[in-house]
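Those protein sequence lines, which keep their order, are chains A and B. The opening residue of the first sequence carries number 14 in my numbering; numbering runs sequentially from there. The opening residue of the second sequence carries number 523 in my numbering; numbering runs sequentially from there.
For the record, the hints were derived by calculation from the structure and aren't laboratory data. Being a predicted model, the structure only gives us computed values, none of them experimental. It cannot be assumed that every hint is accurate.
[Unchecked claim] No farther apart than 16 Å at their CA atoms in a straight line, the calculated lysine to aspartate or glutamate pairs in the EDC-like style are these:
#	chain 1	residue 1	chain 2	residue 2
1	A	Lys59	B	Asp533
2	B	Lys666	B	Glu528
3	A	Lys59	A	Asp27
4	A	Lys59	B	Glu558
[As the list claims (entries may be wrong)] Okay, the calculated beta carbon distance ranges per label pair:
#	chain 1	residue 1	chain 2	residue 2	range
5	B	Ala536	A	Ala86	21 to 27 Å
6	A	Asn22	B	Thr526	19 to 25 Å
7	A	Ile113	B	Pro611	58 to 64 Å
8	B	Ala563	A	Arg77	36 to 42 Å
9	A	Gly99	B	Glu599	57 to 63 Å
10	B	Ser571	A	Gln55	42 to 48 Å
11	B	Ala577	A	Glu90	40 to 46 Å
12	B	Asp586	A	Thr53	41 to 47 Å
13	B	Thr579	A	Glu38	47 to 53 Å
14	A	Gln55	B	Glu528	14 to 20 Å
15	A	Leu50	B	Gly659	42 to 48 Å
16	B	Tyr588	A	Val52	24 to 30 Å
We put the CB at the ideal spot given by N, CA and C, even for glycine.
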Amino acid sequence: MAGVVPVFNALGDDTRWTILQHLGEADLSASALAERLPVTRQAIAKHLTVLADAGLVEPVRVGREVRYRALGARLTETARALEAVGAAWDRRLDALRQLIEEG
Amino acid sequence: MTTTNEPAVIDDEAFQVTRTIRIAAPRERVWAALTEEDLIARWFPQRASLPDAHAGTEGTFTFDGYGDIPVRVDESEEPHVFAYTWGTPGEPLAPDNSTQVRFTLAADGDATVLTVVETGFERLADPSGAMRGNREGWTSELDKLVAFAEAGVAAGSPTS
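Only chain A is shown next, with the shape it has when bound in the complex (with noise of 0.2 Å):
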């Protein structure tokens, strides 16, 4: 479970959850971005350096623009761990209940 953290506090932030799901459809540079959102683009900057910090995206340089390309496997990466979690929790539930219809 390394490194998860730092994705559920990129992905726990209204603006940086629009800004990916936009990200999910195309590869958009800062400035599209700042069209496209009530943001500034200094601030869309700053959510861009969390989202790459935690890997869900990464700057790719077309033509002499960059624009940010949204990276799925981290975020498959981060449900499968928490799928993981869900399910040991449930079976402890299930052993439980057992435990008790039992006895």
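Assemble the complex: chain A is given as a structure, and chain B must be docked to it using the hints.
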């Protein structure tokens, strides 16, 4: 006396990592620590081979567990600018496996303001990952340079 320096920062748009720090040591000492192989190995890699600090000189920095990094000095203007290209262990220097590191030194009384700018990440296979790694690297390694350079000053021996 060491003041707390800010960590290195990433500029994703420019694909570069930078850090500016203040070292309570004279510029000559900082220059020596950056360019003399015996001194480099006291704070940076475990071993350094750099015969001299002239443009065109080639050498290696060896980090335990990582390997021998090829280094080529690009620019050397004592005591203001020292720049090199460094790459990947086991591979000759090429555009897609190397980055540029440029140190500029400014005197500030008895102290030195040192700036490092590392560029060229956009040519690598994983630019973002490499920048994140080197941001941590420059933060921890330059903190060690500060400790080394300032300790020498405290002990009163300029080139030991």
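Hint check:
{"no.": "1", "hint": "A:Lys59 / B:Asp533", "verdict": "holds, 10 Å"}
{"no.": "2", "hint": "B:Lys666 / B:Glu528", "verdict": "holds, 14 Å"}
{"no.": "3", "hint": "A:Lys59 / A:Asp27", "verdict": "holds, 14 Å"}
{"no.": "4", "hint": "A:Lys59 / B:Glu558", "verdict": "violated, 38 Å"}
{"no.": "5", "hint": "B:Ala536 / A:Ala86: 21 to 27 Å", "verdict": "holds, 25 Å"}
{"no.": "6", "hint": "A:Asn22 / B:Thr526: 19 to 25 Å", "verdict": "holds, 24 Å"}
{"no.": "7", "hint": "A:Ile113 / B:Pro611: 58 to 64 Å", "verdict": "holds, 59 Å"}
{"no.": "8", "hint": "B:Ala563 / A:Arg77: 36 to 42 Å", "verdict": "holds, 41 Å"}
{"no.": "9", "hint": "A:Gly99 / B:Glu599: 57 to 63 Å", "verdict": "holds, 60 Å"}
{"no.": "10", "hint": "B:Ser571 / A:Gln55: 42 to 48 Å", "verdict": "holds, 44 Å"}
{"no.": "11", "hint": "B:Ala577 / A:Glu90: 40 to 46 Å", "verdict": "holds, 45 Å"}
{"no.": "12", "hint": "B:Asp586 / A:Thr53: 41 to 47 Å", "verdict": "holds, 45 Å"}
{"no.": "13", "hint": "B:Thr579 / A:Glu38: 47 to 53 Å", "verdict": "holds, 50 Å"}
{"no.": "14", "hint": "A:Gln55 / B:Glu528: 14 to 20 Å", "verdict": "holds, 18 Å"}
{"no.": "15", "hint": "A:Leu50 / B:Gly659: 42 to 48 Å", "verdict": "violated, 33 Å"}
{"no.": "16", "hint": "B:Tyr588 / A:Val52: 24 to 30 Å", "verdict": "violated, 40 Å"}
Hints 4, 15, 16 from the earlier list are contradicted by this structure; the remaining hints agree with it.
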